[in-house]
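Top line first, the protein sequences correspond to chains A, B and C. In terms of numbering that gives the first Met the number 0, the first sequence has 653 at position 654, counting the first letter as 1, and numbering is strictly consecutive. In terms of numbering that gives the first Met the number 0, the second sequence has 81 at position 82, counting the first letter as 1, and numbering is strictly consecutive. In terms of numbering that gives the first Met the number 0, the third sequence has 41 at position 42, counting the first letter as 1, and numbering is strictly consecutive.
These aren't lab readings, by the way, just hints derived from the structure by calculation. Keep in mind that this is a model prediction, so the values were computed, not measured. Incorrect hints may appear among the rest.
The calculated lysine to any residue pairs, modelled on SDA-like cross-linking and capped at a C-alpha distance of 25 Å, are [unchecked claim]: (1) A/Lys381 <-> B/Leu109; (2) B/Lys39 <-> A/Trp227; (3) A/Lys610 <-> A/Val558.
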Amino acid sequence: MIPEIGHFALILALAAALVQSVLPILGAQSGRTLWMESARTTATLQVVLVGIAFAALIRSFVISDFTVLNVVENSHSLKPMIFKVAGSWGSHEGSLLLWTLILVVFGGGVAVLGSNIPAGLKARTLSVQAWISVGFLTFMLFTSNPFDRVSPPPLDGQDLNPLLQDIGLAMHPPLLYFGYVGFSIVFSFAVAALIEGRVDPAWARWVRPWTLAAWISLTAGIALGSWWAYYELGWGGWWFWDPVENVSFMPWLLGTALLHSAIVTEKRDAFKSWTILLAILTFSLSLLGTFIVRSGLLTSVHAFAVDPERGLYILGLLGATVVGSLTLYAWRAPQLDPGGLFRPISREAGLLVNNLLLATATATVLFGTLYPLFVEAIADEKISVGPPYFNATFIPFMLPLVIMMGIGPFLSWKRADLPGVWQRLRWVMAIAVGVALAVWYLQTDGPLLAVVSLAIAAWLFAATLREWGLRIKLFNAPFSESVRRARNLPRASHGMTLAHLGVAVLILGFVGSSAWKQEHTLFAEPGTTIEIAGFDMIFEGVKRVRGANYVAQQGQLRVLKDGAEVSLLRPERRNYPVAGSSTTESAIRTTLAGDLYVTIVEPAADAASGKWTLRILYEPLVVWIWIGSAMLILGGAMSMSDRRLRVGAPKRSARATALQPAE
Amino acid sequence: MKHWLIAIVLMSMASVAWGVEPDEILDDPVLEQRARSISKQLRCVVCLNQDIDSSNAGVARTMRILLRERLVAGDSDRKVLNFFVERYGDFVLFRPPLKGSTYLLWFGPLLIFGLGAGIAVVAIRRARGKGAHLKVQSLSADEEREIQALLREEKGSNSP
Amino acid sequence: MNRLVVALPALLALVLGGFFLWGLNPERDPNAVPSARIAEPVPEFVLPAVGGTGTPGLSAEDLRTTGEPVLVNVFASWCVPCRAEHAVLTGFVVQEGVRLMGINYQDKPEDAANWLSSLGNPYERIGSDLEGRVGIDWAISGVPETFVVDGSGVVVFRYVGPIIALDAQAKVRAAIEAAKGQR
Chain A
0 MIPEIGHFAL ILALAAALVQ SVLPILGAQS GRTLWMESAR TTATLQVVLV
50 GIAFAALIRS FVISDFTVLN VVENSHSLKP MIFKVAGSWG SHEGSLLLWT
100 LILVVFGGGV AVLGSNIPAG LKARTLSVQA WISVGFLTFM LFTSNPFDRV
150 SPPPLDGQDL NPLLQDIGLA MHPPLLYFGY VGFSIVFSFA VAALIEGRVD
200 PAWARWVRPW TLAAWISLTA GIALGSWWAY YELGWGGWWF WDPVENVSFM
250 PWLLGTALLH SAIVTEKRDA FKSWTILLAI LTFSLSLLGT FIVRSGLLTS
300 VHAFAVDPER GLYILGLLGA TVVGSLTLYA WRAPQLDPGG LFRPISREAG
350 LLVNNLLLAT ATATVLFGTL YPLFVEAIAD EKISVGPPYF NATFIPFMLP
400 LVIMMGIGPF LSWKRADLPG VWQRLRWVMA IAVGVALAVW YLQTDGPLLA
450 VVSLAIAAWL FAATLREWGL RIKLFNAPFS ESVRRARNLP RASHGMTLAH
500 LGVAVLILGF VGSSAWKQEH TLFAEPGTTI EIAGFDMIFE GVKRVRGANY
550 VAQQGQLRVL KDGAEVSLLR PERRNYPVAG SSTTESAIRT TLAGDLYVTI
600 VEPAADAASG KWTLRILYEP LVVWIWIGSA MLILGGAMSM SDRRLRVGAP
650 KRSARATALQ PAE
Chain B
0 MKHWLIAIVL MSMASVAWGV EPDEILDDPV LEQRARSISK QLRCVVCLNQ
50 DIDSSNAGVA RTMRILLRER LVAGDSDRKV LNFFVERYGD FVLFRPPLKG
100 STYLLWFGPL LIFGLGAGIA VVAIRRARGK GAHLKVQSLS ADEEREIQAL
150 LREEKGSNSP
Chain C
0 MNRLVVALPA LLALVLGGFF LWGLNPERDP NAVPSARIAE PVPEFVLPAV
50 GGTGTPGLSA EDLRTTGEPV LVNVFASWCV PCRAEHAVLT GFVVQEGVRL
100 MGINYQDKPE DAANWLSSLG NPYERIGSDL EGRVGIDWAI SGVPETFVVD
150 GSGVVVFRYV GPIIALDAQA KVRAAIEAAK GQR
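Bound-form chain A, shown alone (with noise of 0.2 Å):
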């Protein structure tokens, strides 16, 4: 019974998006306030319907039931229940709900917590968020419904994955989402803008929160699949240059893009032409990557069971969007007026750059991840783009852009004074070259890239040290000055400044766990010691243990650093009968410095039975890699909760008259 309230709850979702999609934009074309009025109504029947059929779904997953085949497929009594209900969403179709909710749920923010936005650019937003919903539902209904039931039911489910069962593994995808959907009303506010004819300053600060939040939660759910990626696949590795890796990275980006360009359309009334452009690209971006991952294109770990009617379908939806709302721009854009002008050198300038540089590097990564299946139609020919393409040319596009970020937030806008930003930041250089010589004269055997990569960091911390720094005048005037006036300072500054720290942090957890990683792979026998970056390690032997639902051998490594002991390692190797799989957990001993890592297997080879395959990692300055995220995700968190994002913008005849410091 509750299967088919939680489908009927879709069917008449569909309904409400239906009405949504037309009432609303024609009530704004009209002037008919009733009409706009109605996105309110039709947006929160959509929350709660949608609400209710997700819910239907967990419940079957909670309670085992094997007459839905969604349950069947995903999920297996002996699961643990925190793992039953993340299987609800680990499915094509469960995470195909799980997208419409979030999709209504941000629509639904839109039509209860926008009271400053204008009711003419709230009506239109609302109608093309409901476009969205109606395709993704029909989508479901028709190709991917999760209620779908079997009969007879089986004895048990077939999923008992044991790689799958995993905290960060569960909540990844529902981050990752929260992510690609945000963006979505971004991509609604810029249609409705497009179709209104007229891109407003306010504009770009109403849409700032909520590219803020889809933005925060994308840098977490991609932070948390590389942190699992880390911990459980026994490599140290963090990032593949994977497609499906790439997919979700190329919404970040140009996300991070948007970010900026729509500051530059807010302050100076300018960019607004990109601005909308890159709205529509980042929710293109998410589709995009729906649309790879469901459709079996290419070649991935990662991919979804795939089925090609339903390639066909997201194609569809994906083409139809994104050809639509881009057929669109090219009609109305250069009906925009460009706006504010702006000297070469200047904060304006400054964020072009940024933007120019942020957007090449999404499109290389877009190319690099699309060109075997351009190969191969055009020539017939199967080629592999893997890691060496990417890192030999995305990087080179982000170190100038860090470079950059040091360089950005001193500018003034429209002209600055290059001499005197030179001045402020001569300290700044010699602390860059400063580490640069030190990281040389210790590491001598590190590459030339790490060198540099690091010392850009330096700059960049030390650069977005000193510009908080002069801001507060710290150090040019008494501390409670100082205290008074970082008090005083909008949060989205320090947000600027946090997320910024973050970044020169992210790069020196990225360059010491590449550069420097060391390696040890050995059979031991116990009593070995193995010496790996100034530690001793003794292995002392493996031994059986039981788990909830899984034996598993035992290793045991005691830890010394000059004579002391500093740890216990324990890594398994767990073997689940049920499931007839074994999966290895690694032992990690995590410090600022750098990470102890230890994983052990039996041996493939027979010859050697009795002994034990150990491998042992030392990744340097790893755990900066967590670290720099959390920054990142607590600046735009910051941001996000500035007063002045939610107050409002201010009236027209306000902001004309009123001499305001550049802000």
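Please build the complex by placing chains B and C on the supplied structure of chain A, with the hints as guidance.
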């Protein structure tokens, strides 16, 4: 066919990427280092987008052993890679070689950057042209000094 | 010019869409691994016999001197789909007079011998590729994989996966016929 492929995939995934085993490691650390870096460039042909360095598939292990033999026999990195290309084609290389069908791939990013920069420059010039009629009258020397002083003071309190 | 620039994203999206449409073609297998060995002479190799089977070993020279197209089937006792394929291959040999050579891939001779004695041995020759090197020389991407080699030792066709389904069998038969015609 698909079932077979899925079975292979599940077999290789279930125990999780494992990679180089101790009995494969060469005695000469320089050669071993080369072997590892070459392994990272070779695609495991039975896996879904993984390199042979990290895969625990049987074919990957054979490839790792073979490539080490070639290194010990004195082949250069290029020759070792070619050994596999002779058998599997360019598909087995993660770094696509520069040839007719990949010129666009390698030069593409630079072309895209150039295109983007060109469009940006043209768009700005055009906008400047449109705003030409808004040119401000030039300032007197005193006014200029006053403005500069104000700007200097203001720059100290710039916020995003 | 401005019109062209703003229309560029839409045009690019259409072009991409075209490629995606092409990519969704159900005939296409995105996971297929290419081989540079088709239309090339067989790689040089000499493999010993699999002990306990009574069947002689296999070498490149054997394949060059057959005088007619033969099937070279890469198999192993640990390979589950190979069991199903075995019946089809036996059918080819017994009912259609196809000559079948085998490469036993990364398989212990005892295991292979037991497997063949319980299922039957349709192979004229079997080479024991214990370490799998010869398999790599043949550019296999997994097991089972079957090749059609013409009478003069040139690899003319490759089938990846077990030959079980009717259309798979048809493809292999057609390849053998084509190779016969070439002589």
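Outcome of the hint check:
A C-alpha spacing of about 24 Å is found between A/Lys381 and B/Leu109, which places the hinted pair at or below 25 Å, so the restraint holds. The suggested pairing of B/Lys39 with A/Trp227 holds, with an alpha-carbon distance near 21 Å, which does not exceed 25 Å. For the suggested pair A/Lys610 and A/Val558, the alpha carbons sit about 20 Å apart, so the restraint of at most 25 Å is met.
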